[in-house]
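Asker: Start from chain A and add chain B according to the hints.
Number of protein chains: 2
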Amino acid sequence: MPGELAKDCVVIGDPTEASQIYNKGFYGYPMSGGGLQLEFLEALFLVEASRLEVLSGEKPVPLHKLMAMAASDNRDFEIKYIVYRDLRQRGYVVKTAGEDFDFRVFPRGGSPTTTQTKNWVAARSERALFDMSSFVEDIDRAERTRKELLLAVVDEEGDLTYYSADRAEPKGRLEDPGSGEEVEARLLEDRVLVFDEAGAQRLYGSGYYGKQLGKVLQLSLIEAAYLMEEGRLRVSTLATSRNVPLPRFKKRALKFQPDFELRLSAYRDLRSRGMVVKTGFKYGTHFRVYEDDPDKIHARFLVHCIPEDHTTTWPEMSRAVRLAHGVKKEILFAWVRPQGTEYLRLARVRP
Amino acid sequence: MPGELAKDCVVIGDPTEASQIYNKGFYGYPMSGGGLQLEFLEALFLVEASRLEVLSGEKPVPLHKLMAMAASDNRDFEIKYIVYRDLRQRGYVVKTAGEDFDFRVFPRGGSPTTTQTKNWVAARSERALFDMSSFVEDIDRAERTRKELLLAVVDEEGDLTYYSADRAEPKGRLEDPGSGEEVEARLLEDRVLVFDEAGAQRLYGSGYYGKQLGKVLQLSLIEAAYLMEEGRLRVSTLATSRNVPLPRFKKRALKFQPDFELRLSAYRDLRSRGMVVKTGFKYGTHFRVYEDDPDKIHARFLVHCIPEDHTTTWPEMSRAVRLAHGVKKEILFAWVRPQGTEYLRLARVRP
Numbered sequence: 161m162p163g164e165l166a167k168d169c170v171v172i173g174d175p176t177e178a179s180q181i182y183n184k185g186f187y188g189y190p191m192s193g194g195g196l197q198l199e200f201l202e203a204l205f206l207v208e209a210s211r212l213e214v215l216s217g218e219k220p221v222p223l224h225k226l227m228a229m230a231a232s233d234n235r236d237f238e239i240k241y242i243v244y245r246d247l248r249q250r251g252y253v254v255k256t257a258g259e260d261f262d263f264r265v266f267p268r269g270g271s272p273t274t275t276q277t278k279n280w281v282a283a284r285s286e287r288a289l290f291d292m293s294s295f296v297e298d299i300d301r302a303e304r305t306r307k308e309l310l311l312a313v314v315d316e317e318g319d320l321t322y323y324s325a326d327r328a329e330p331k332g333r334l335e336d337p338g339s340g341e342e343v344e345a346r347l348l349e350d351r352v353l354v355f356d357e358a359g360a361q362r363l364y365g366s367g368y369y370g371k372q373l374g375k376v377l378q379l380s381l382i383e384a385a386y387l388m389e390e391g392r393l394r395v396s397t398l399a400t401s402r403n404v405p406l407p408r409f410k411k412r413a414l415k416f417q418p419d420f421e422l423r424l425s426a427y428r429d430l431r432s433r434g435m436v437v438k439t440g441f442k443y444g445t446h447f448r449v450y451e452d453d454p455d456k457i458h459a460r461f462l463v464h465c466i467p468e469d470h471t472t473t474w475p476e477m478s479r480a481v482r483l484a485h486g487v488k489k490e491i492l493f494a495w496v497r498p499q500g501t502e503y504l505r506l507a508r509v510r511p
Numbered sequence: 161m162p163g164e165l166a167k168d169c170v171v172i173g174d175p176t177e178a179s180q181i182y183n184k185g186f187y188g189y190p191m192s193g194g195g196l197q198l199e200f201l202e203a204l205f206l207v208e209a210s211r212l213e214v215l216s217g218e219k220p221v222p223l224h225k226l227m228a229m230a231a232s233d234n235r236d237f238e239i240k241y242i243v244y245r246d247l248r249q250r251g252y253v254v255k256t257a258g259e260d261f262d263f264r265v266f267p268r269g270g271s272p273t274t275t276q277t278k279n280w281v282a283a284r285s286e287r288a289l290f291d292m293s294s295f296v297e298d299i300d301r302a303e304r305t306r307k308e309l310l311l312a313v314v315d316e317e318g319d320l321t322y323y324s325a326d327r328a329e330p331k332g333r334l335e336d337p338g339s340g341e342e343v344e345a346r347l348l349e350d351r352v353l354v355f356d357e358a359g360a361q362r363l364y365g366s367g368y369y370g371k372q373l374g375k376v377l378q379l380s381l382i383e384a385a386y387l388m389e390e391g392r393l394r395v396s397t398l399a400t401s402r403n404v405p406l407p408r409f410k411k412r413a414l415k416f417q418p419d420f421e422l423r424l425s426a427y428r429d430l431r432s433r434g435m436v437v438k439t440g441f442k443y444g445t446h447f448r449v450y451e452d453d454p455d456k457i458h459a460r461f462l463v464h465c466i467p468e469d470h471t472t473t474w475p476e477m478s479r480a481v482r483l484a485h486g487v488k489k490e491i492l493f494a495w496v497r498p499q500g501t502e503y504l505r506l507a508r509v510r511p
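Chain order of the listed sequences is A and B.
Just so we're aligned: the first sequence equals residues 161 to 511 in our numbering.
Just so we're aligned: the second sequence equals residues 161 to 511 in our numbering.
Just chain A, with the same shape it has in the complex (with noise of 0.2 Å):
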């Protein structure tokens, strides 16, 4: 079928195709006069699926003229064109969708005439980088619309994964009842070690802080400062059994972790959620979070922790993502704001 190649759209001029080719599938907008105006995407589909051909004057448009200009007045034209080509491959009808998102997708055998949108869909490349403000953006304006955000990141080979993006309000069912009296703990090197028995016990037992280590319950960093913050533990030096307050403790934490503030915040909101919290080094990520007793269940969340005015890579990102579903878990992106912790999550689907 013909189409005639005009400044940024191609043009079915005969009604009867027009409205064939609109039709199956819901390509292009329909003109008054009954012809038809295809985007260049769209053309672009059309002619490598062999159902339309591409004329200027009488003469053929080879497919790269096609492409070229395509991409001359649209930015990471190819980017877009993959995720296009990828979602019309799998059946759904897909619209350009003006400022805000790059399409939108209707449900599947739904139109634009019948139906309403169901996701907005993001393009992305693998090379963009990730700004967590906007990304942030994206997924209230979506929510605020009530459909489903998609993101489809493509890599340098034109592989494509898509991410489903929404807010999170992680709450879990521990109730810490306090430890009592301050505990007395002893600070070795980036350890912090509790002797007295009975107060180890007071402090696993009422929120799970720590872990035994033979006859010793060994506190991290973390946990300490927070313990430290709450007035449940003292800390002096092993080898001089000086007191350390807890600003000289945070200093000396630093040393070890650059981050630890940011750690320490998010902390302290899952620890005010309920939640159970124990380092996720092994998963490679920030925490791993229980929603009640470790000994007795799985973490349900591992836990990245991101601070405000964060910018990093796709790769990154994909790799939290792949890690915590390789392990069953969800990865949750902390964000870590002076107003407060929010929690987004991000999760794999095929669409």
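Derived by calculation from the structure, the hints in this document are not laboratory data.
Incorrect hints may appear among the rest.
Which copy is meant is left open, because identical chains are indistinguishable; a pair holds if it fits in one copy or across any two.
Claimed, not checked - Below 30 Å or equal to it, Euclidean Cα-Cα: the simulated DSSO-like pairs (lysine-lysine) are:
(1) Lys456 to Lys371
(2) Lys331 to Lys307
(3) Lys307 to Lys278
(4) Lys225 to Lys410
(5) Lys225 to Lys375
Answerer: Structure of chain B alone, referenced to chain A:
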């Protein structure tokens, strides 16, 4: 059983008691005269197991005092002790190992008097920097003595992860016969497209270069640069058909991937080993590598490229190993040096 605190050890004077401790677990070092010298590590472990009480004069030395003394003359004592205890609790005979490593471990059922060392053990804190060249030195030193190297990494909560580490020489079965005369390709942003169907077929058929997307073969920047180096590809811009020589192409690629040269070196080396190399984006790593036709077999390796003077962190290494493990692939670290690319393998093990 009592032991007497000495300057840098604990002494069991009674010959019967000494030989009892030595014979059941090979703790300590027999002294002329029948006594036994215990290292602090050993003494602490025996105290925790209630097999030893340490006295100073007539007075018992409390655990935290003993630990403080042990820590005062031994850097990273706490880390070493956690590893020592864990290996002992697993039933191994463990002895300190001189200067090069922390411990040597005997095979199960073995002992210093009857068997050779099985593993050298290096105890590391997850907070310690990971320095590639000293890591490789450790591997080579272990290989020279024909022992396996075991890395015991202690996380902030005292949990242990063991890794075996060695060199690898990956080899594939692909024989790339070349693809005849130069194939024409077009550059569009960060993608290279081959519109010429016969040329695309020659490239994919000879070495599985690129990926068919619709009617177009798409090459990654790395693939295109490699093929240009081999005189198999000529690239011009899609928009203006202007020729893009290799140096200009590389300069452009560097803008998208600052580590482009690093990746390209490893890519070239892996290709020269008869393997098919594709992006590892989905796995959060640089490459996934096939020993043969990627349409018929799964990728065996994930390869992460590391520059000559690279210093990283243990959590980053842990993450890469964990990821590969989750998708049942081997992780190789490609250490790209001017004298050639070397491969190091790190695998989680349970001792």
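Asker: Run every hint past the structure and note whether it holds.
Answerer: Taking the hints in turn, this is what the structure says about them:
no.: 1; hint: Lys456 to Lys371; result: within (15 Å within a copy, 47 Å between copies)
no.: 2; hint: Lys331 to Lys307; result: within (24 Å within a copy, 48 Å between copies)
no.: 3; hint: Lys307 to Lys278; result: within (6 Å within a copy, 59 Å between copies)
no.: 4; hint: Lys225 to Lys410; result: between (62 Å within a copy, 25 Å between copies)
no.: 5; hint: Lys225 to Lys375; result: between (75 Å within a copy, 14 Å between copies)
No hint from the list above goes unmet by this structure.
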